[in-house]
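Residue numbers (our numbering), protein chains in the order written: chain A, 6 to 294; chain B, 539 to 865.
Calculated directly from the structure, the hints in this document are not laboratory data.
Fair warning: there could be bad hints in the mix.
Derived DSS-like pairs (lysine-lysine); straight-line CA-CA distance at most 27 Å [unchecked claim]:
| hint | chain 1 | residue 1 | chain 2 | residue 2 |
| --- | --- | --- | --- | --- |
| 1 | A | LYS274 | B | LYS561 |
| 2 | A | LYS274 | A | LYS244 |
| 3 | A | LYS222 | B | LYS659 |
| 4 | B | LYS820 | A | LYS261 |
| 5 | A | LYS222 | B | LYS806 |
| 6 | A | LYS235 | A | LYS282 |
| 7 | A | LYS244 | B | LYS582 |
| 8 | A | LYS274 | A | LYS238 |
| 9 | A | LYS244 | B | LYS820 |
| 10 | B | LYS811 | A | LYS221 |
| 11 | B | LYS582 | A | LYS205 |
| 12 | B | LYS752 | B | LYS582 |
| 13 | A | LYS282 | B | LYS820 |
| 14 | B | LYS594 | A | LYS116 |
| 15 | A | LYS33 | A | LYS205 |
| 16 | B | LYS735 | A | LYS221 |
| 17 | A | LYS205 | B | LYS561 |
| 18 | B | LYS811 | A | LYS222 |
| 19 | A | LYS282 | A | LYS246 |
| 20 | A | LYS150 | B | LYS561 |
| 21 | B | LYS659 | A | LYS244 |
| 22 | A | LYS205 | A | LYS101 |
| 23 | B | LYS582 | B | LYS659 |
| 24 | B | LYS594 | A | LYS282 |
| 25 | B | LYS838 | B | LYS820 |
| 26 | B | LYS628 | A | LYS246 |
| 27 | B | LYS838 | A | LYS246 |
| 28 | B | LYS740 | A | LYS221 |
| 29 | B | LYS561 | A | LYS130 |
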Amino acid sequence: MSEFTNAESNMDPQFKFCWVIALRAEAKPLIDALKMKLVENKSLFPIYANEETGHALVISGTGSIKSAAAATFLKTYLKINDYSAWINLGIAGFFKGPIGDIYQANKVVLKESGAAFFPGLRLSKQIPSAILFTVSKPENGYKEKVLYDMEAAGFCEMAPSFSCNELTYVIKIVSDTPNASSSLITKHLVRELIEKQLSKILDIIAEIEILVEEEKKRLSIPNEVIEFEKRFKFTETNKYKFREIYRKWKVAFPSKKLDLSEFLNSQPKEIILRLEKEVLFNAEDWNVL
Amino acid sequence: MIFFEEEIYEHPTTARIRRALPKASWVPIDRYQELFNKRHQNFKLQKKNPALILAKKHDNFVLPVPSGFGMGSHKNFYFSHMYNCLYDCKYCFLQGMYSSANFVLFVNFEDFFRSISEKIKEYKGQSLTFFSGYDCDSLAFDKLSGFADQALSFFNGLSNVELELRTKSIAIGSLLQREPLSNCIVAFSLSPAQIAKSLDSKAPSINRRISAIKQLADAGWKIGLRFDPLIYTSDWKELYSALFADIMNGLDPERIHSISYGPLRFPKTMYKKAASLHPEHKLFAFPMEETNGVVSYGAKIETQMHDFLKSELNNYISENKIFQCTI
Ligand code: SF4
Numbered sequence: 006m007s008e009f010t011n012a013e014s015n016m017d018p019q020f021k022f023c024w025v026i027a028l029r030a031e032a033k034p035l036i037d038a039l040k041m042k043l044v045e046n047k048s049l050f051p052i053y054a055n056e057e058t059g060h061a062l063v064i065s066g067t068g069s070i071k072s073a074a075a076a077t078f079l080k081t082y083l084k085i086n087d088y089s090a091w092i093n094l095g096i097a098g099f100f101k102g103p104i105g106d107i108y109q110a111n112k113v114v115l116k117e118s119g120a121a122f123f124p125g126l127r128l129s130k131q132i133p134s135a136i137l138f139t140v141s142k143p144e145n146g147y148k149e150k151v152l153y154d155m156e157a158a159g160f161c162e163m164a165p166s167f168s169c170n171e172l173t174y175v176i177k178i179v180s181d182t183p184n185a186s187s188s189l190i191t192k193h194l195v196r197e198l199i200e201k202q203l204s205k206i207l208d209i210i211a212e213i214e215i216l217v218e219e220e221k222k223r224l225s226i227p228n229e230v231i232e233f234e235k236r237f238k239f240t241e242t243n244k245y246k247f248r249e250i251y252r253k254w255k256v257a258f259p260s261k262k263l264d265l266s267e268f269l270n271s272q273p274k275e276i277i278l279r280l281e282k283e284v285l286f287n288a289e290d291w292n293v294l
Numbered sequence: 539m540i541f542f543e544e545e546i547y548e549h550p551t552t553a554r555i556r557r558a559l560p561k562a563s564w565v566p567i568d569r570y571q572e573l574f575n576k577r578h579q580n581f582k583l584q585k586k587n588p589a590l591i592l593a594k595k596h597d598n599f600v601l602p603v604p605s606g607f608g609m610g611s612h613k614n615f616y617f618s619h620m621y622n623c624l625y626d627c628k629y630c631f632l633q634g635m636y637s638s639a640n641f642v643l644f645v646n647f648e649d650f651f652r653s654i655s656e657k658i659k660e661y662k663g664q665s666l667t668f669f670s671g672y673d674c675d676s677l678a679f680d681k682l683s684g685f686a687d688q689a690l691s692f693f694n695g696l697s698n699v700e701l702e703l704r705t706k707s708i709a710i711g712s713l714l715q716r717e718p719l720s721n722c723i724v725a726f727s728l729s730p731a732q733i734a735k736s737l738d739s740k741a742p743s744i745n746r747r748i749s750a751i752k753q754l755a756d757a758g759w760k761i762g763l764r765f766d767p768l769i770y771t772s773d774w775k776e777l778y779s780a781l782f783a784d785i786m787n788g789l790d791p792e793r794i795h796s797i798s799y800g801p802l803r804f805p806k807t808m809y810k811k812a813a814s815l816h817p818e819h820k821l822f823a824f825p826m827e828e829t830n831g832v833v834s835y836g837a838k839i840e841t842q843m844h845d846f847l848k849s850e851l852n853n854y855i856s857e858n859k860i861f862q863c864t865i
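Kindly generate the complete structure, drawing on both the sequences and the hints.
Listed below in structure tokens is the structure:
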């Protein structure tokens, strides 16, 4: 059970951004900038979070499978909502310099199998994009005009099922090239590369947040509905019918409140019927505009 | 962002788009389905910034239209050189049909034309109509694709065979540049301006569509008017009457090939999906009826609208040019 779960109100924290990052050195600048705190350190995957800013972060370790597993662990541990954005951030090899440049992966290919993923909407106003190959061993040949990492494909396989493909992002910062060998990469260099791109990363977050908010609005279940569903025993079919007629009722009467006290002695079917009647009555002078 | 099947990189249509969009990022793919049919896509978010996918179509170029669609030819077929649309109409069935809002443009127009030729041969002597714009808008992408020009050159002079270009677009440049084809109908989908403003997101306004209709009619093109779907609202009679008056004002009725109208209907699953994408829109808050898996306004409203449209349209045009679409 996550320490964030508020058992009394049964309200889970609302994380809007979930970061899946391979190395601690890659994560550190972000943890500091977004003021995240360590919330889980007993398992294989340390989790950091800041409930106020809505950011959660898991350190996965190196490798595609670990990246998928860590994302799944974070999703379960913090009960992440289905409107949250998932971002895999890290360093990557590239066929050309300079090191420190930041890219969005527009296509991620698991080199071993050829499986391809196409994460996210294009953030073309913010950063350029490139194809990324996820390899199982460090790539030193840079044979193709692509980015190379060791995690993104596993992340892309899993993360879209937690929210959707358009809220899944892979952002990479060039750390090694044919002219700057991967053997020169140190923790210090990694931190520095990420730190230098922090303001760009914050811009990206701001752009993705607009999408997250839109999805949150679309998917959220109004408190009134939650209250009614707690108070009355709806069958699954009636729950669906209730939510659907409530949606229509609320559009028809945006300023009205569904008052629990008016229904205390009602059966779920009677509640549905009453809303249906009101919606039908209102339809006699229907204005679609 | 443009994804392209590597197989068609050298195709002339691809080359045309490369020239038109020199700054776009081009990303190779094997087949368009690997992107278009992926699970967990979010149609609504994707619609904010859809990618263009250039692909080659391999089969099912030309298909028979569903029953209830069409305008009296013996045989009606449709073909789709694109999947998805630049516009974002709230009632569009594409949002329920595809999980992706990305545009797929099949660049091998020549294979569509070959397949159409085969159908013409197969139904020799019968009158045939080919509908374009079933899974897309026929003209909305035309500046980039150059499709209309090639389609018109192909259909030019074919006897007993009609082409209908169905559109909400005002990209009529390629039509105005050439002599009108006697066997081509440019069919515009229309709703009262206030309704279109609320429902036909990103599509040209009704005024601009009407102006395009008049330009084409003046240039000698045959016009189709499509009031489909009919949208119910409190003052719908006044709104539709005013719309007909606006369209017909200064338009030679002789230039009108046909008028069709059809009620707002959705298969149940499509309705659910569309409503989940626009949960707060009033279009999806009306107490619709469901009969045999089809969600509609119900027989009473449909009949009222049908009767009104038929009599109102009769004021402008002879009955044999008016059709009801019932799919
Ligand atoms: S113009 Fe037609 S195809 Fe395009 S979004 Fe509107 S209804 Fe759909």
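Evaluation of the provided hints:
Proposed proximity of LYS274/A and LYS561/B is contradicted: the alpha carbons are some 58 Å apart, above 27 Å. Pair hint LYS274/A plus LYS244/A holds up; C-alpha atoms about 10 Å apart against a cutoff of 27 Å. Proximity of LYS222/A to LYS659/B is assessed by CA-CA distance (about 54 Å); at most 27 Å being required, the pair is judged violated. Annotation: proposed proximity of LYS820/B to LYS261/A holds, straight-line Cα distance about 16 Å (limit 27 Å).
Proximity of LYS222/A to LYS806/B is assessed by CA-CA distance (about 24 Å); at most 27 Å being required, the pair is judged to hold. Restraint check for LYS235/A and LYS282/A: satisfied, since their Cα atoms lie roughly 23 Å apart, inside the 27 Å limit. Between the alpha carbons of LYS244/A and LYS582/B the distance comes to roughly 25 Å, so the proposed pair stays at or under 27 Å and holds. In summary, the hint linking LYS274/A to LYS238/A is supported, as the alpha carbons are separated by about 10 Å, within the 27 Å threshold.
Proposed proximity of LYS244/A and LYS820/B is supported: the alpha carbons are some 22 Å apart, at most 27 Å. A hinted pair counts as satisfied when its Cα atoms are at most 27 Å apart, and LYS811/B with LYS221/A qualifies at roughly 17 Å. Taking the CA atoms of LYS582/B and LYS205/A, the gap is near 26 Å; set against the 27 Å cutoff, the hint holds. For the proposed pair LYS752/B and LYS582/B, the alpha carbon gap of about 34 Å is over 27 Å, so the pair is violated.
In summary, the hint linking LYS282/A to LYS820/B is supported, as the alpha carbons are separated by about 17 Å, within the 27 Å threshold. With a CA separation close to 25 Å, the supplied pair LYS594/B and LYS116/A stays within the 27 Å bound. A distance of roughly 16 Å separates the Cα atoms of LYS33/A and LYS205/A; the hinted pair therefore holds under the 27 Å criterion. Of the pairs offered as hints, the one joining LYS735/B and LYS221/A holds, with about 26 Å between alpha carbons and a cut-off of 27 Å not exceeded.
At roughly 22 Å between alpha-carbon atoms, LYS205/A and LYS561/B fall within 27 Å of each other, so this suggested pair holds. Taking the CA atoms of LYS811/B and LYS222/A, the gap is near 16 Å; set against the 27 Å cutoff, the hint holds. About 14 Å separates the Cα atoms of LYS282/A and LYS246/A, which keeps this hinted pair within 27 Å; it holds. Distance restraint check for LYS150/A and LYS561/B: the Cα-Cα separation of roughly 18 Å lies within the 27 Å cut-off, and the hinted pair is therefore satisfied.
At most 27 Å may separate the alpha-carbon atoms for a hinted pair to count; LYS659/B and LYS244/A exceed this at roughly 56 Å. At most 27 Å may separate the alpha-carbon atoms for a hinted pair to count; LYS205/A and LYS101/A meet this at roughly 20 Å. Under the criterion of a C-alpha separation no larger than 27 Å, the hint pairing LYS582/B with LYS659/B is inconsistent with the structure, at around 42 Å. About 52 Å separates the Cα atoms of LYS594/B and LYS282/A, which puts this hinted pair outside 27 Å; it is violated.
A C-alpha spacing of about 20 Å is found between LYS838/B and LYS820/B, which places the hinted pair at or below 27 Å, so the restraint holds. Proximity of LYS628/B to LYS246/A is assessed by CA-CA distance (about 22 Å); at most 27 Å being required, the pair is judged to hold. Distance check on the hinted pair: LYS838/B and LYS246/A sit about 24 Å apart at the alpha-carbon level, within 27 Å; holds. Restraint check for LYS740/B and LYS221/A: the C-alpha separation of about 24 Å stays at or below 27 Å, so the hint holds.
Straight-line distance between C-alpha atoms of LYS561/B and LYS130/A comes to about 13 Å, which keeps the hinted pair within the 27 Å bound.
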